[in-house]
Amino acid sequence: MEEILMKGNEALAEAAIRAGCNFYVGYPITPQNEILEYMCWRMEQSGGEFIQSESELAAVNILLGAAAAGARGMISSSGPGFSLFQEGISYLVAGDIPAVIVDVARYGSGIGEISQGQSDYGLVTRGNGHGDSHLIVLTPAGVQETADLTALAFDLAEKYRHPVIILSDAAIGQMMEPVSLPEPRKLGIDRFDWTVKGCKDGGKPRLITNLFYYMDDYDSFLRGKYRAMRENEQRWESFRTEDAELVIVAYGISSRIAREAVRDARAAGLKLGMIRLITAFPFPEKAFAALPESCRALLTVEMSAIGQLADDVRLADRCRREVGSVCTGIRVPEKEEICAAARAMLAGCEKGVAK
Amino acid sequence: MIYEVPSRIKYTSGYGFCPGCGHGIAVRLIGEALQELAVEEKTIAVVDVACCYLAFDNWQYDSIMAAHGRPVATAVGVKRVRKDATVFAYLGDGAAYSIGIAETLHSAVRNENITVITVNNGVFGMTGGQMAPTTLDGQVTSSTPGGRDPARAGHPIHVEDLMGKLDIAYLARGALNSVPNIRRAKQYIKKAFMKQQQGLGYSYVELLSPCPTNWGMEPLEALEHIGGEVLKVYPAGEFIDREG
Ligand SMILES: Cc1ncc(C[n+]2csc(CCOP(=O)(O)OP(=O)(O)O)c2C)c(N)n1
Ligand code: SF4
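Chains as they are written, first to last, in my numbering: chain B, 1 to 355; chain P, 1 to 244.
Isolated chain B, as found in the complex:
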C-alpha cells in the first residue's frame, strides 16, 4: 500500500471514512479540530452526513439517533467536550448501540491546557456516564496505528453492539508520519435488522431503549458482553520483556519515550522492557500473566498528576510486584528520568518479587 504523510487527526478522519463511517457530528475544541475540519468537506464528498452541532451534548445525542438508524457514526472531542459526551455514552450502552467516540486528550482538569496529556485515563476506563458502562478503549501511539485502530474501532463497535473509544492525545493527533490507509469501503444503512427504518404493517416495531426493560436477565447479558471483550479484545505490545528486570507500562505519547528509555537502558546494561497498551479496556492482563520471573518491578509512565494507570497495573499483576509511577503531569517525560526512576526502583526492591 502506498504511504503518504499525514497528521494523526487527519489520518483518523480519513481512515474513518474509508472504514465506511458515513456520519460525523462535532463541536470545535483543540487539539482535535483537524478531525471536524477534515470531515466537513470529506464526508460530503464521500456521500455521508456532517453536522457541526451546538454542543457536545447535542453531538452525542445526534450520534445516537444516526447510529440507531443504521449509520456508521463517529464523534470526536477532547477533555472538556468529552465530559459532555458522558450522558450519551451511557444511553448508547443502555440501548446496545454501536458508535465510535474519539478523545484527543489534552491535559488536566477544568479547561486544563491544550497540549498533550494522559489525565483522561480514568474517565475513559471508569467513567462513561452513569450505570455499569465499560467501553473498549483503543490507544494509538502513532499515526499508522491511529489509522489502523480507527478502522478496527468501527468493526468492534458493531461486533459487540457497543460504543468504542479511541483515546489519542494532542501529540499523536498533531504529529505527521507516513501512513498507509485502509481500503475504502462503502456501507449501506440497512445492514442490520435492529436499526430503526420504519415498521411494515403487521410487523413488530423496533424499539431502541433501555435494553433491560425488555430483557429478562440484562445483568447477565451485560456481564457476558464485558467477559467476551476481556477474553477476545485485549491488545498490547510487549517490547523487550523476555528477560527484563523492570517493565515499564505506558501507552500513547509516553510509550514513545518509554521505548527510547528501554533502548538506552539496555545499551547501558540495565534490562528494561515495556508493555504498551493498545487497549486500556479491556486491560491487557494477559501480558502481565506472561511476564518473566526476572521482572521484579513495574513502572508506569503517565502524563497525569496522580498515576491513574498504576491502579490497573496493580490489579493486572495481582499486586505481586512493586508498582511505581513516573507522573510528569503536563510535561512530556524525558527518557533520562524514566531510566533514573527504574534504577531507583530496582535498588529499592532488591529482595525480589513479593509473592
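There may be inaccurate statements among the hints.
[To be verified] Sample of chain B residues at the chain P side, in silico, Cβ under 8 Å:
no., residue
1, 23
2, 68
3, 70
[Said to hold, decoys possible] Below, in silico cross-link-like pairs of lysine-lysine (BS3-like), each with a Cα-Cα straight-line distance of 25 Å or less:
no., chain 1, residue 1, chain 2, residue 2
4, P, 232, P, 83
5, B, 186, P, 42
6, P, 10, B, 204
7, B, 200, P, 190
8, B, 186, P, 83
9, B, 200, P, 10
10, B, 204, P, 42
11, B, 204, B, 159
12, B, 286, B, 225
13, P, 83, B, 200
14, P, 165, B, 204
15, P, 42, B, 200
16, B, 186, B, 7
17, P, 191, B, 200
18, B, 200, B, 225
Treat the hints as calculated values from the structure; they're not laboratory data. All C-beta atoms in this analysis are idealised placements derived from N, C-alpha and C, irrespective of residue type, glycine included.
We have chain B; now place chain P with the ligands onto it with these hints.
Coordinates of chain P with the ligands only, in the frame set by chain B:
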C-alpha cells in the same frame, strides 16, 4: 361518522397516563394524522424519557427513547440518515424549553427537516410537578409552593418569541381542552408532518395540555383551567406557515 382507533395505536393494560392527562389525546392525534397521511410504515418516533415515554408501547412505530431533553437532537440524527422516513420528536415543555432548549432552538436554526411535538402542561410532570419554564406567574407547583415569583424565576417562556423569526417551515400552538380546539390541534399536527414530507424543514407544534395530577385538579377542572387561564397567556394559533 365512525371514529376508530388508528391501527398503529395499541392500548396497554396495567400502566399508562393518569386519568384526564392530555398526553393521551396527543398520542391519539399523532396516530390519526400519520394514518391519514399513510406514512406509518416509514414513521420513526423519538420519545423523551418523561411522561411522554408512557406512549412508547402505545405507538406501533419504530421508536427510540432519547435522553431527557434530547429527543430533538436524536431525531435530527435519525432524519439525516433516513431522509425518506417521517421522523418526529415527542417531548414535554421541561425537555423542550429547559434542559433541551439549545437542541430545540439550534435544530430550528439549521431548519432540520423533522417534526417536533411538545406537550406543554406547565410543569415537570414525571418528577412530581415542579416548576417548568412554562409555569404561569403565580402558579403553585411543588417547587414554587408560594406560586411562581417572577422576581426570582422570571416569566413563562413563549416558543413563538424564541422561534418566531427563524427560517423554519411551521410553528403552531394548539390546545387540548375542548373538541373544537382538539380538532384544530390535529390539523396543526397533520400540517406539520406534511411540511416535513414536502422537505420544507423544521415543523413545530406545541400542545397546551392538562396535567390534573400535578395541578391538583379534577380532569374537567383542568380543562377549564386551560380555557380560562392558560390560553390567556399562551394564545393558540399558527405563527409560521411556510409554503413550498
Ligand atoms: C438529565 C436528567 N435530568 C433530570 C431528569 C429527571 N426528569 C425526568 S422527566 C423530567 C421533567 C419532565 O417534565 P417535562 O419534560 O415537562 O415532561 P412531562 O413529564 O411534564 O410530560 C425530569 C426533570 C432526567 N431524567 N435526566
Ligand atoms: S403526571 Fe401529569 S403529564 Fe404525567 S401522566 Fe400524569 S397527568 Fe399526564
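Going through the hints against the structure:
Annotation: interface hint on residue 23(B) holds; nearest CB of chain P at approximately 6 Å, less than 8 Å. Annotation: residue 68(B) was flagged as interfacial toward chain P, and the flag holds, the nearest CB pair being 5 Å apart, inside 8 Å. The closest approach between the C-beta of residue 70(B) and any C-beta of chain P is roughly 6 Å, which is under the 8 Å cut-off, so the hint is satisfied. The straight-line distance between the Cα atoms of residue 232(P) and residue 83(P) is roughly 39 Å, outside the 25 Å bound, and the hint therefore fails.
For the proposed pair residue 186(B) and residue 42(P), the alpha carbon gap of about 24 Å is at most 25 Å, so the pair holds. Taking the CA atoms of residue 10(P) and residue 204(B), the gap is about 12 Å. The hint holds against a cut of 25 Å. Distance check on the hinted pair: residue 200(B) and residue 190(P) sit about 21 Å apart at the alpha-carbon level, within 25 Å; holds. With a C-alpha separation of about 18 Å, the suggested pairing of residue 186(B) with residue 83(P) holds against the 25 Å cut-off.
Restraint check for residue 200(B) and residue 10(P): satisfied, since their Cα atoms lie roughly 15 Å apart, inside the 25 Å limit. Between the alpha carbons of residue 204(B) and residue 42(P) the distance comes to roughly 13 Å, so the proposed pair stays at or under 25 Å and holds. At roughly 24 Å between alpha-carbon atoms, residue 204(B) and residue 159(B) fall within 25 Å of each other, so this suggested pair holds. With a C-alpha separation of about 18 Å, the suggested pair residue 286(B) and residue 225(B) falls inside the 25 Å cut-off, and the hint holds.
Of the supplied pair hints, the one linking residue 83(P) and residue 200(B) holds, its CA atoms being roughly 17 Å apart against a limit of 25 Å. Straight-line distance between C-alpha atoms of residue 165(P) and residue 204(B) comes to about 41 Å, which puts the hinted pair past the 25 Å bound. Proposed proximity of residue 42(P) and residue 200(B) is supported: the alpha carbons are some 8 Å apart, at most 25 Å. Proposed proximity of residue 186(B) and residue 7(B) is supported: the alpha carbons are some 24 Å apart, at most 25 Å.
Under the criterion of a C-alpha separation no larger than 25 Å, the hint pairing residue 191(P) with residue 200(B) is consistent with the structure, at around 23 Å. At most 25 Å may separate the alpha-carbon atoms for a hinted pair to count; residue 200(B) and residue 225(B) exceed this at roughly 31 Å.
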